[in-house]
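Participant: Can you build the whole structure from these sequences, using the hints too?
Residue numbers (our numbering), protein chains in the order written: chain A, 1 to 735; chain B, 1 to 373.
Calculated directly from the structure, the hints in this document are not laboratory data.
Watch out, some of these pointers could steer you wrong.
In silico lysine to any residue, SDA-like type, Cα no more than 20 Å apart, as pairs [stated by the list, open to error]:
1. K153/B to E629/A
2. K625/A to P131/B
3. K132/B to A622/A
4. K275/B to A226/B
5. K20/B to A2/B
6. K625/A to E159/B
For clarity, every value in this text was computed on a predicted model and none was experimentally measured.
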Amino acid sequence: MRALAREALALVCAMILIVCARDAAAQRTVTVWHPYRGAEQQAFDQVLQAFERAHPGVSVTTLAVPFDAYAAKLEAAIPRGNGPDLFVDAHERIPSYLARRIITSADTAIARVGSDLEPIALEAVQSGSERYGVPLALKCLALFVDEELWERAGRPSLDSLESIARARAALPPSAYPLVYYASNAYFHSAIVHALGGQLFDPQRGTYAFDGSPAIESLTFVQRLLADRVIPPEVDGASVTPYFRSGRAMTVISGPWLVGELGGGRRYRVVVLPRVRDGGRVMSPFVTVEVAFLASNARAPELANELAAYLASPAAARVRATVGRQVVATQSVWSEPELANDAVLAAFRRAASRGRVMPTHNNMRLSWEPANQAIRRALRDPRATRVAIDQGRRRYEDASRPLPAKRSPLPLQLALGLIALAIALRSVQRARDPDFRAAVKRSMPAYAYVTHAVVIVALLVVLPLVLGATTSLYAGRDGALEYVGGANYWDIITARGGSLFASGTFYAVLLVTVLWTVANLALHVSIGVVLALVLSRPLLKLRAVYRVLLIIPWAVPSYVTALAWKGIFHRQTGAMNAILSSLGVEPISWFAQFSTAFAANVVTNTWLGFPFMMVVTIGALAAIPKDLYEAAEVDGATPWQQFRHITLPLLRPTLLPAVSMGAVWTFNQFNVIFLVSGGEPDGATEILVTEAYRWAFTRQAQYGYAAAYAVLIFGVLVLGTRLLERLTLGKQGGSK
Amino acid sequence: MATLSLRTIRKVLGANAILKGIDLDVQSGEFVVLVGPSGCGKSTLLRTIAGLETPDEGSIKLDDRDVTRAEPRERDIAMVFQSYALYPHLTVRDNLAFGLRLRGESEATVKSRVEEVSQMLGLGALLDRLPKDMSGGQRQRVAMGRAIARRPKLFLFDEPLSNLDAALRNQVRVEIKKLHASLGATMIYVTHDQVEAMTLADQLVVLNSGKVEQKGPPLEVYARPASRFVAGFLGSPSMNFTDAVVSDDSTSAVAEGLRAPIDRQRFGAIERGRKVVVGIRPHDVTVRKGESSAHGYRDGATPTEITVAVDVVEAMGFEAYAHGPVGGAPFVARVEGAADALPRRGDRLALSVEPAHVHLFDPETGRSLAGAP
Chain A
1 MRALAREALA
11 LVCAMILIVC
21 ARDAAAQRTV
31 TVWHPYRGAE
41 QQAFDQVLQA
51 FERAHPGVSV
61 TTLAVPFDAY
71 AAKLEAAIPR
81 GNGPDLFVDA
91 HERIPSYLAR
101 RIITSADTAI
111 ARVGSDLEPI
121 ALEAVQSGSE
131 RYGVPLALKC
141 LALFVDEELW
151 ERAGRPSLDS
161 LESIARARAA
171 LPPSAYPLVY
181 YASNAYFHSA
191 IVHALGGQLF
201 DPQRGTYAFD
211 GSPAIESLTF
221 VQRLLADRVI
231 PPEVDGASVT
241 PYFRSGRAMT
251 VISGPWLVGE
261 LGGGRRYRVV
271 VLPRVRDGGR
281 VMSPFVTVEV
291 AFLASNARAP
301 ELANELAAYL
311 ASPAAARVRA
321 TVGRQVVATQ
331 SVWSEPELAN
341 DAVLAAFRRA
351 ASRGRVMPTH
361 NNMRLSWEPA
371 NQAIRRALRD
381 PRATRVAIDQ
391 GRRRYEDASR
401 PLPAKRSPLP
411 LQLALGLIAL
421 AIALRSVQRA
431 RDPDFRAAVK
441 RSMPAYAYVT
451 HAVVIVALLV
461 VLPLVLGATT
471 SLYAGRDGAL
481 EYVGGANYWD
491 IITARGGSLF
501 ASGTFYAVLL
511 VTVLWTVANL
521 ALHVSIGVVL
531 ALVLSRPLLK
541 LRAVYRVLLI
551 IPWAVPSYVT
561 ALAWKGIFHR
571 QTGAMNAILS
581 SLGVEPISWF
591 AQFSTAFAAN
601 VVTNTWLGFP
611 FMMVVTIGAL
621 AAIPKDLYEA
631 AEVDGATPWQ
641 QFRHITLPLL
651 RPTLLPAVSM
661 GAVWTFNQFN
671 VIFLVSGGEP
681 DGATEILVTE
691 AYRWAFTRQA
701 QYGYAAAYAV
711 LIFGVLVLGT
721 RLLERLTLGK
731 QGGSK
Chain B
1 MATLSLRTIR
11 KVLGANAILK
21 GIDLDVQSGE
31 FVVLVGPSGC
41 GKSTLLRTIA
51 GLETPDEGSI
61 KLDDRDVTRA
71 EPRERDIAMV
81 FQSYALYPHL
91 TVRDNLAFGL
101 RLRGESEATV
111 KSRVEEVSQM
121 LGLGALLDRL
131 PKDMSGGQRQ
141 RVAMGRAIAR
151 RPKLFLFDEP
161 LSNLDAALRN
171 QVRVEIKKLH
181 ASLGATMIYV
191 THDQVEAMTL
201 ADQLVVLNSG
211 KVEQKGPPLE
221 VYARPASRFV
231 AGFLGSPSMN
241 FTDAVVSDDS
251 TSAVAEGLRA
261 PIDRQRFGAI
271 ERGRKVVVGI
281 RPHDVTVRKG
291 ESSAHGYRDG
301 ATPTEITVAV
311 DVVEAMGFEA
321 YAHGPVGGAP
331 FVARVEGAAD
341 ALPRRGDRLA
351 LSVEPAHVHL
361 FDPETGRSLA
371 GAP
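Facilitator: Structural data, given as structure tokens:
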């Protein structure tokens with residue numbers, strides 16, 4: 001007995017010790033989140049190890065978070081107290097992080113190293129009177145020059161885009177003097193800046209991509225395209241292959257390209273050139289990578305110390321040499337090892353000529369309209385002005401002032417009254433002995449359905465109610481305020497503009513309906529034809545064909561969608577390869593509504609026909625053979641048998657499949673989002689992808705997106721009821 | 001109205017020979033019933049006539065036109081299916097009109113024919129119903145109506161009554177008989193039911209494993225079965241068969257408990273000692289009361305023609321079937337009488353039979369030993 005007590009005491013003591021030890025350790029741990037990979041991650045880890053060595057008893061826990069989900073994870077984790085003490089991110093997110101109160105002032109940390117930091121970087125982290133985050137590195141665009149091609153072109157001057165363009169004649173037709181992501185506003189802005197314009201006015205906080213600099217910049221790039229100075233339809237990913245295969249004399253890209261190039265080609269990096277001979281130099285946007293101090297930190301002092309250390313010369317040296325970062329710490333650049341690094345030095349010079357990316361909240365809203373305007377203008381030079389105007393309108397649309405906040409009192413009152421009425425009625429009924437007896441009798445029945453009711457309530461009813469409730473709120477970046485039906489009013493009145501202008505609810509609804517009808521027509525006709533062929537008893541290898549034809553259905557739809565997007569790629573896609581082998585000019589599939597829409601429909605038909613085929617095979621098997629024989633004896637030709645027996649008898653099975661298919665197609669997000677992505681200019685968006693854009697690419701206007709979702713729900717309910725009515729009517733009223 | 005002639009029709013499905021050379025002539029206006037057990041090929045023969053199956057060999061002539069390879073729609077034949085095969089999505093009216101419309105008849109013709117047929121079959125009240133809203137008998141009538149409306153050359157019926165209950169079957173059977181009389185059409189009717197076969201047929205064709213066993217007017221086939229198969233197939237309960245030996249004086253066939261007189265006129269002189277199969281229908285025996293035991297049946301001293309030791313009695317009310325062994329084979333005798341006068345298990349029944357009702361068959365071939373009638 002005594003032994004037992006002694007053991008228990010020992011156990012308690014041990015537990016107390018463990019808890020204390022954990023507590024002590026927790027005070028000496030600092031948690032860091034970062035989005036780095038590869039060399040950058042390696043350098044960062046080295047720096048953190050050095051910090052640990054310099055601070056005995058301190059341990060640094062790191063977490064590399066994939067870039068896609070980075071912001072969302074931070075925003076979720078920090079307020080709940082399980083986020084990092086310090087994290088690395090780009091400076092543009094300062095306003096958003098401030099709004100969510102997940103970062104704190106870094107003035108103390110900056111005070112330790114401030115004088116050594118690039119002024120442009122310090123400017124970037126300034127918000128109001130305080131500075132948020134310690135600047136670590138700068139990122140911007142520079143010009144990569146392929147030495148071999150440059151020499152082959154007779155070493156032309158790289159002083160301006162115009163002089164680079166003149167190398168066209170000296171290069172083979174398959175190579176281009178310049179390759180860059182021309183249709184992207186981030187790249188295009190460097191040209192706009194050189195021509196005296198800008199994408200966004202940080203002082204006034206407004207969209208600024210219009211006026212003569214915008215037109216001039218677009219006309220200039222149109223000229224480059226027309227003269228085959230730059231290749232058509234290059235996106236971010238296709239720049240690398242151009243450069244690696246020696247088909248690009250120069251490339252405009254960022255430091256990330258260095259890692260992708262490897263040692264295959266001899267190149268150098270220089271600052272971006274002028275646009276016109278004798279004009280101003282191109283000025284790229286500069287993004288500053290910042291170590292942010294998280295609010296709610298468990299070890300704020302350590303975090304502060306670590307932030308300062310990261311910007312210290314010792315750490316900066318490692319980040320620059322190992323991680324290939326253009327560090328914001330000035331003193332290390334005078335060290336010979338860095339001073340002689342031509343690539344890093346070029347990027348640093350480029351950054352010094354660049355322009356800090358504005359941190360204004362509306363800046364992020366400018367990208368989508370600007371991108372669309374640029375794409376449209378490059379596709380169709382005659383529509384340059386229209387494209388620019390459209391861009392401005394889209395921006396205004398997305399940044400329009402939020403509807404006035406309203407008191408939720410009327411709604412609460414109405415809901416309260418309804419609840420009261422229901423309660424009164426329930427009490428009234430509960431007093432009725434008959435009703436009570438009925439309830440008692442059906443108790444066992446309730447037991448049987450309870451689990452289903454709970455599951456449906458949780459998975460269907462609750463999200464629906466929450467979505468509908470959200471639609472009564474408005475706000476950006478998740479800060480929602482009650483506005484009553486204002487979102488609906490905005491949507492239904494097309495935000496005051498023309499009802500069928502591009503991007504309005506009605507225009508998108510029209511596209512959605514067209515999309516649904518076109519798909520269903522193809523799904524059903526192809527499905528039925530294949531089912532008929534596969535149902536022929538004489539066909540050999542029937543089972544094999546059936547399995548093969550069901551495969552498109554079995555493959556996850558996003559995989560199929562991505563595959564088809566590749567097939568429709570202008571340069572590398574199979575579709576254009578087939579066309580050109582037939583002597584047809586390659587088509588820019590996503591440049592016009594008709595071809596982009598067709599590409600979407602083809603993809604979704606590929607995905608959709610197997611379902612209709614399987615349903616039809618089943619329905620065909622259920623038609624008695626006798627009927628065909630009777631019809632044959634009655635004198636029906638094979639076509640008449642199909643027309644008078646097969647089709648009418650397929651209908652009862654096909655109609656539910658069609659209405660189900662209609663709902664699926666109406667909400668087919670994957671294909672639209674992944675294949676055309678709404679191109680050109682959002683013309684192929686359908687309602688559900690449009691709702692997605694409002695929720696996730698236009699400053700998280702969840703309320704507005706929810707209103708869209710509720711309207712989609714309404715349209716679908718109406719649509720299916722209508723279809724039901726029609727089909728019941730057609731069946732001759734027989735039940 | 002048409003004539004049909006089949007010559008050496010053969011059909012093989014997979015490894016099975018279904019039809020093994022069928023010859024058949026159907027006169028205009030005749031009602032021919034194809035009867036036989038399941039799997040005898042009667043349905044396949046009918047489908048071959050309809051054109052739903054193509055024979056591997058042989059020829060089919062309809063009104064002297066060779067239609068062996070013709071499509072069903074080119075033959076002008078109507079068929080009533082066992083399942084009725086009504087078009088489920090069409091009303092009775094449209095079902096009746098279906099074949100007419102396919103043949104491009106004018107709407108006026110269609111209307112009058114539908115009218116006519118619905119009157120003939122009493123379908124007037126059902127015209128706007130769908131098949132699923134009707135009873136089996138009603139559907140059956142619609143199926144017949146659909147055939148009649150077209151006024152085809154030849155009607156084919158594929159076991160049209162087998163999905164009906166017994167009472168309805170009797171009623172519709174009579175209707176079909178009347179219909180044939182009033183239309184005077186050529187009809188071929190397939191059934192496995194001997195009552196239908198006997199009552200409906202002008203000509204009965206008994207099929208057995210792909211061959212015609214016997215054809216002729218039903219009563220003749222019944223009275224003079226050409227083979228043990230036909231004899232056993234027609235009649236209920238079925239004919240009794242007993243292995244026997246022809247007596248020394250060739251006047252009777254003898255087995256244990258059996259001495260069956262032989263009709264010399266029908267069978268001629270049969271050598272004595274020959275092994276035969278004696279066939280006697282249960283209805284063709286009479287009880288020799290004085291010689292039967294118990295319940296007024298006395299065990300007599302004089303030899304009777306048939307002696308049955310009764311082991312089972314099936315009482316039907318107005319008659320009874322007494323079962324017992326004769327010559328080592330089961331034997332059934334029909335006995336008339338009131339319930340309390342019926343034989344019981346353990347009784348010995350003395351029966352006699354008219355020479356005309358004794359059938360003799362070859363034990364090897366099963367063919368009747370009777371000469372040509």
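Participant: Each hint needs a verdict: does it hold in this structure or not?
Facilitator: For each hint, the structure was consulted:
no., hint, result
1, K153/B to E629/A, "holds (18 Å)"
2, K625/A to P131/B, "holds (17 Å)"
3, K132/B to A622/A, "holds (16 Å)"
4, K275/B to A226/B, "holds (18 Å)"
5, K20/B to A2/B, "violated (25 Å)"
6, K625/A to E159/B, "holds (17 Å)"
When held up to the earlier numbered hints, the structure conflicts with hint 5 and nothing else.
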